[in-house]
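4 protein chains.
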Amino acid sequence: MNDNCVLHECPVALLLIDVINDLEFHEGEKLVEHAMPMARHIAQLKREAKKSGIPCLYVNDNFGQWQSDFKHLVASCAGDEVRGAPIARELAPQQDDYFVLKPRHSGFFQTPLDLLLQNLRAKKLILCGLTTDSCVLFTANDAYLRGFEILVPADCCAAVAKHRHLGALGQMRRTLKADTTASAQIELEQLFEKNGSHD
Amino acid sequence: MNDNCVLHECPVALLLIDVINDLEFHEGEKLVEHAMPMARHIAQLKREAKKSGIPCLYVNDNFGQWQSDFKHLVASCAGDEVRGAPIARELAPQQDDYFVLKPRHSGFFQTPLDLLLQNLRAKKLILCGLTTDSCVLFTANDAYLRGFEILVPADCCAAVAKHRHLGALGQMRRTLKADTTASAQIELEQLFEKNGSHD
Amino acid sequence: MNDNCVLHECPVALLLIDVINDLEFHEGEKLVEHAMPMARHIAQLKREAKKSGIPCLYVNDNFGQWQSDFKHLVASCAGDEVRGAPIARELAPQQDDYFVLKPRHSGFFQTPLDLLLQNLRAKKLILCGLTTDSCVLFTANDAYLRGFEILVPADCCAAVAKHRHLGALGQMRRTLKADTTASAQIELEQLFEKNGSHD
Amino acid sequence: MNDNCVLHECPVALLLIDVINDLEFHEGEKLVEHAMPMARHIAQLKREAKKSGIPCLYVNDNFGQWQSDFKHLVASCAGDEVRGAPIARELAPQQDDYFVLKPRHSGFFQTPLDLLLQNLRAKKLILCGLTTDSCVLFTANDAYLRGFEILVPADCCAAVAKHRHLGALGQMRRTLKADTTASAQIELEQLFEKNGSHD
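Chains as they are written, first to last, in this note's numbering: chain A, 1 to 199; chain B, 1 to 199; chain C, 1 to 199; chain D, 1 to 199.
Here chain A stands alone, though its shape is the one from the complex (with noise of 0.2 Å):
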């Protein structure tokens, strides 16, 4: 088995937040309103990323499944009748995306997150999913300790309400140095020009 499987090396990498989720609970129904558009956004910016070679990362809950995998995971739901399918059909991975099983909300905390993305030499992060204002925010800030640039897209991530998804958003542009512009204005060749300080 080939230990050193080649990488697609890029300084900047998109991560899709617990995107895949059932949505089967308490609050699941307001924040399936605002995921419906936010998957949308999503999706588009998923295409134009992978047409500038920037590798795509599904960072999500294990949702407490121990004993499956990821690939049971979507196959669950996007099943019919669940809250969450028609966002985890718009962006059900393809062959070449990576994923990282989360045991808790930072994609960081006890994954391989970290080491995968310097083997990737990724030095900027495209934060989107769900919700702004716990498992995204819980990675911008894993990801701030650690030295990377962060962009989380305001129309990229969503929250039960609204007001939470904005005060999220001013902590992480507050705190973080996050950029928050809306995923039609970012313009992915210029991410490539500087490296962020993590190093």
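Incorrect hints may appear among the rest.
For chains that are exact copies, the list does not tell them apart, and a pair is met inside one copy or across any two.
Unchecked claim - With a Cα cut of at most 25 Å, we get these calculated BS3-like pairs of lysine-lysine: (1) 177 with 30; (2) 30 with 123; (3) 71 with 123; (4) 123 with 50; (5) 50 with 30; (6) 123 with 162; (7) 162 with 51; (8) 51 with 30.
What the hints contain is simulated information worked out from the structure, not anything from laboratory work.
Please build the complex by placing chains B, C and D on the supplied structure of chain A, with the hints as guidance.
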């Protein structure tokens, strides 16, 4: 999705390290000789562990395959004409086994193993697998740092050469207070009696 | 040297975050206004905590001073004409206080805080200090990931601006289930009654 | 306070592990015999390292003394009638040395060592100190997991017994590709030439 899926709590856990392995590397030919009898001993120990209600965890290298999952890995290692296939088949994971993919030598490094063991309430770990002086030793060291009691049954792990196997077992006995009694002599029920020092 | 020096075990711990601080940075002038009343509330809470046998931990930035230690840091921050000196003096550490130097925003990132809290058997953390929307929030997030119950008395932390203070408190109430009751209303003895979920 | 104090960047770092040690424990009497000549070799190597601009880091156990600091530890270990005093005096830290207190065997476990080494831009580590088959081995393993190149000069570390010392050196040569050449044969300037694989 149930975030609180019930885990099988038990003060003892059985860890199978890198047993799903194609062994297609330098010195793999030498290793397979020692690994075949090892696999039979682990299989027997695993059957008894299951009878006693001890959870079994596959702690396995991802072999740099960041885009595939454990099922795919098992299938690929159990394939025809793969050197490690007899071992992967003998020790094929069952539905109620847990698994943790590790990106480096230690099962604890950038993985959720510590959290899973906490959730299982494990205090004593029985470490098995490949190789005694590499991934088993790395994982044993990290388990010891975290306060687990350690058993490494001498007949349930293997290395490329006998002296490396014995050297690492001695190292673990001396530095980690590891119990290296052969599997046939371990009385699993007795391990339940008093808890280890993990706190 | 006694490797097993007896720690003061207690289910509750009081954390003083970045209170030893020269405040000689941009916006430090605004921060000190909010930090002075905060320091008096923390000092009072700390006196009561000590009476109840609750261990007090200084979790303080090392401010990039990798070659000096905490005593030096305290002396330097309490010096004449240092902006943060009144706070550093009000909250001067005592002999039986613990301290953990952190290199980044979260008290848990690359520090022994988690191990110290485990050794102290702490399950509930009272977080105080500077600033509400930065190091206090980062530390609270990481505490929550690890299963601690969290209290952040609103009058015992401060930020550069009122709205940032209140925004972060709301964030912690919603996402971390943090209790932000003001310090005068906290009945410390009651915190001993039932343990949190950290185990 | 300057959050960006300039660190001395260098691709090589010298780590002195647990040399500040009272040796007042079981088997300390045996250890001190091997540790005295070791200390002289380390002192010589440290002098040459300083001349070459290589930063020196004391990576030392806190011995469970959570309420004291490194200076106190040095003073206490160098005191009269302390078994480890001759070593602590021979290797007394200087003002421009760095130090990291570790709570357990590995210098990387719950400490800021990894971040400090990243800030120093270190890629190759020269590990020295006590004991070869415990804290030196634990730290070497964790350094290897993180991609550092490792040197463990055979005459600059020591264990309770010769066979344990030699066994651990062999283990590190085989598993970690460690260079165990004696200190007199190391040409420090050559280590600057090509960088290690840490990234």
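Hint check results:
1. For the identical chains of this complex, residue 177 and residue 30 are inter-copy neighbours only, at 20 Å across copies versus 29 Å inside a copy, given an alpha-carbon limit of 25 Å.
2. Taking the closest pair of Cα atoms, residue 30 and residue 123 never come within 25 Å of each other, the shortest separation being 34 Å inside a single copy and 33 Å across copies.
3. In this homomeric assembly, residue 71 and residue 123 never come within 25 Å of each other (Cα to Cα): the closest approach is 28 Å inside a single copy and 31 Å across copies.
4. Taking the closest pair of Cα atoms, residue 123 and residue 50 come within 25 Å of each other only inside a single copy of the chain (17 Å); across copies the shortest separation is 33 Å, beyond that limit.
5. Proximity of residue 50 and residue 30 under a CA criterion of 25 Å is satisfied in neither setting, with 31 Å inside one chain copy and 43 Å between copies.
6. In this assembly of identical chains, residue 123 and residue 162 lie within 25 Å of each other by CA distance neither inside one copy nor across copies; the values are 30 Å within and 33 Å between.
7. Taking the closest pair of Cα atoms, residue 162 and residue 51 never come within 25 Å of each other, the shortest separation being 31 Å inside a single copy and 44 Å across copies.
8. When the C-alpha separation of residue 51 and residue 30 is checked against a cutoff of 25 Å, the pair qualifies neither within a copy, at 33 Å, nor between copies, at 46 Å.
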